[in-house]
Amino acid sequence: MAQMAPVHAYHAPATLEECLALLERNAGRVVVLAGGQSILPLLKTRGIRPEVLLDLGRVPELRAQSVTVDTGGVLEVGAMRRHRDLWTDPMIARDWSALADAAWCVGDRQVQSRGTLGGNLVFGTVITDMKQVAMCLDAELVIVGSGGERTVSACDIFADPAQMLLEPNELLKAVRFPSVGSRGGSAYKKYGLTANGRPIIGVAARVKIDEDRRCTEARIVVGGLVPCPHVASGAAESLIGKVVNEDVLAAAADAAAAEVRPQSDGRASAAFRRRLVRAYTGRSLSLAFKRAQEGGQ
Amino acid sequence: MEQVVTVKVNGRTYERSVPLRMLLVDFLREELRLTGTHIGCTYEGRCGACTIALDGDAVKSCMMLAVQADGRDVTTVEGLEKLGGNEGELHPIQDAMSECHGLQCGYCTPGMMMTMFDLLRSQSYESESRLTEDEIRHELIGNLCRCTGYDHIVNAVRAAEERLHAMPGAERAALLGQGDIEGKQS
Numbered sequence: 001m002a003q004m005a006p007v008h009a010y011h012a013p014a015t016l017e018e019c020l021a022l023l024e025r026n027a028g029r030v031v032v033l034a035g036g037q038s039i040l041p042l043l044k045t046r047g048i049r050p051e052v053l054l055d056l057g058r059v060p061e062l063r064a065q066s067v068t069v070d071t072g073g074v075l076e077v078g079a080m081r082r083h084r085d086l087w088t089d090p091m092i093a094r095d096w097s098a099l100a101d102a103a104w105c106v107g108d109r110q111v112q113s114r115g116t117l118g119g120n121l122v123f124g125t126v127i128t129d130m131k132q133v134a135m136c137l138d139a140e141l142v143i144v145g146s147g148g149e150r151t152v153s154a155c156d157i158f159a160d161p162a163q164m165l166l167e168p169n170e171l172l173k174a175v176r177f178p179s180v181g182s183r184g185g186s187a188y189k190k191y192g193l194t195a196n197g198r199p200i201i202g203v204a205a206r207v208k209i210d211e212d213r214r215c216t217e218a219r220i221v222v223g224g225l226v227p228c229p230h231v232a233s234g235a236a237e238s239l240i241g242k243v244v245n246e247d248v249l250a251a252a253a254d255a256a257a258a259e260v261r262p263q264s265d266g267r268a269s270a271a272f273r274r275r276l277v278r279a280y281t282g283r284s285l286s287l288a289f290k291r292a293q294e295g296g297q
Numbered sequence: 298m299e300q301v302v303t304v305k306v307n308g309r310t311y312e313r314s315v316p317l318r319m320l321l322v323d324f325l326r327e328e329l330r331l332t333g334t335h336i337g338c339t340y341e342g343r344c345g346a347c348t349i350a351l352d353g354d355a356v357k358s359c360m361m362l363a364v365q366a367d368g369r370d371v372t373t374v375e376g377l378e379k380l381g382g383n384e385g386e387l388h389p390i391q392d393a394m395s396e397c398h399g400l401q402c403g404y405c406t407p408g409m410m411m412t413m414f415d416l417l418r419s420q421s422y423e424s425e426s427r428l429t430e431d432e433i434r435h436e437l438i439g440n441l442c443r444c445t446g447y448d449h450i451v452n453a454v455r456a457a458e459e460r461l462h463a464m465p466g467a468e469r470a471a472l473l474g475q476g477d478i479e480g481k482q483s
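Protein chains in written order, with the numbering used here: chain A, 1 to 297; chain B, 298 to 483.
Extracted from the complex, chain A is given alone in its bound form:
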């Protein structure tokens, strides 16, 4: 038998209001469970010893998903949508491809059955997949507390390691992804030490092209770096106005590799990470352009 630290109470309420009330009442001694795929290991090693567990798994509101057409097709995904719900959705795969790509390579099939978009974004590590994807797709995070809702931009919050995403009594409710637009495409590619591991390097790319297949917009966000994902703006700028071919892609990949400041640690050296940035920027961009040309949104 696993010998986890004792827990005094486990709550799995059915409404967001109850969740917020429980958060407030148990401030300082509660840990929130989304999919639990990062929290369970910590409970087992007693790395965290909460008195109270608050499980968000039974709140239907947090699993909602909608597309608002009058704002140009904004996809709103409830924080408790599971990775598997995301990549198996044909609309997300077609129009928000980077999000589907990332959900497909977070952990493994079992982790994707339990793990959630919100959990991945909220859990306190920068070595993850969804943060760079949310930044690349210009996502907006909907945060709810007893005082009401507020929104923050993924780019603002995840590019600044000094900022906390949530106050102690707040929860992430949903994430809004604007449409990539016509003749746009996005992609995410990652490298992990094991196929189901956290990324050593993960690159999200989003591009738009015009009728003449010239690149009009590009964003590249490199994750796996500390202290935060890097927006490779030099690499993205090198694409603007160009018709994409192998040379243009290679130049952008070189630029991304040149502008990152990778760390060395027990998992990979800085030099290896830089090579990965070059390789995976190329792959991610190439797929994003292919999708833009195929007329995916």
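Worth flagging that the hints you see were computed from the coordinates, not collected in a lab. None of these values were measured; they are calculated from a predicted model. Some hints here could point you the wrong way.
Stated by the list, open to error - Now the stretches of chain B that chain A is said to cover, found in silico as 3 or more residues with beta-carbon under 8 Å:
| # | stretch |
| --- | --- |
| 1 | 307-315 |
| 2 | 340-352 |
| 3 | 430-438 |
| 4 | 446-459 |
Yeah, the Cβ is synthetic: ideal placement off N, Cα and C, and Gly gets one too.
The hints should help you fit chain B onto chain A, whose structure is shown.
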């Protein structure tokens, strides 16, 4: 601290008081004595030997608490042969693993087969398309096998898929547990 849970496991409903900190895998093995679900990596969530189907979806039972399974439908490896109404006969997945030599020591096998179960029940049998080798390998990355080198396991997935394609829809749905557990939300 304990809490009462009602869990359906392999078609039978159990009501038990469980410690809040008890993992689902320990509940299955210690409480229900269903020891077909294995513990390979001492609860680290890395090996996949404890994989079960939760409302049909493959999950690692060491990566959730027993209380989280309250009201849910669990299928373990012991449940496979009960699907399809031919208890005592091997499930096509078990049969394919045996025929293709998809196991040697057998330690990873129950978890491997429950991931295969989820994978195969997620396929469409309307078209003639089949899982590619890359797809099969990608879907099995959460299950470690140290004996076979995986080739025979990939073959077993394909053999089981073929058999499921060849049979009438109702029989297939029963073998994939789609009569009972379809439509449930996680």
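To see whether the hints hold, each was checked on the structure:
1. 307-315: violated (count 0)
2. 340-352: Holds, because 6 residues of the stretch 340-352 of chain B bring their Cβ atoms closer than 8 Å to Cβ atoms of chain A.
3. 430-438: Holds, because 4 residues of the stretch 430-438 of chain B bring their Cβ atoms closer than 8 Å to Cβ atoms of chain A.
4. 446-459: As far as the stretch 446-459 of chain B goes, the hint is violated, because 0 residues have Cβ atoms under 8 Å from chain A.
The earlier numbered hints that this structure contradicts are 1, 4.
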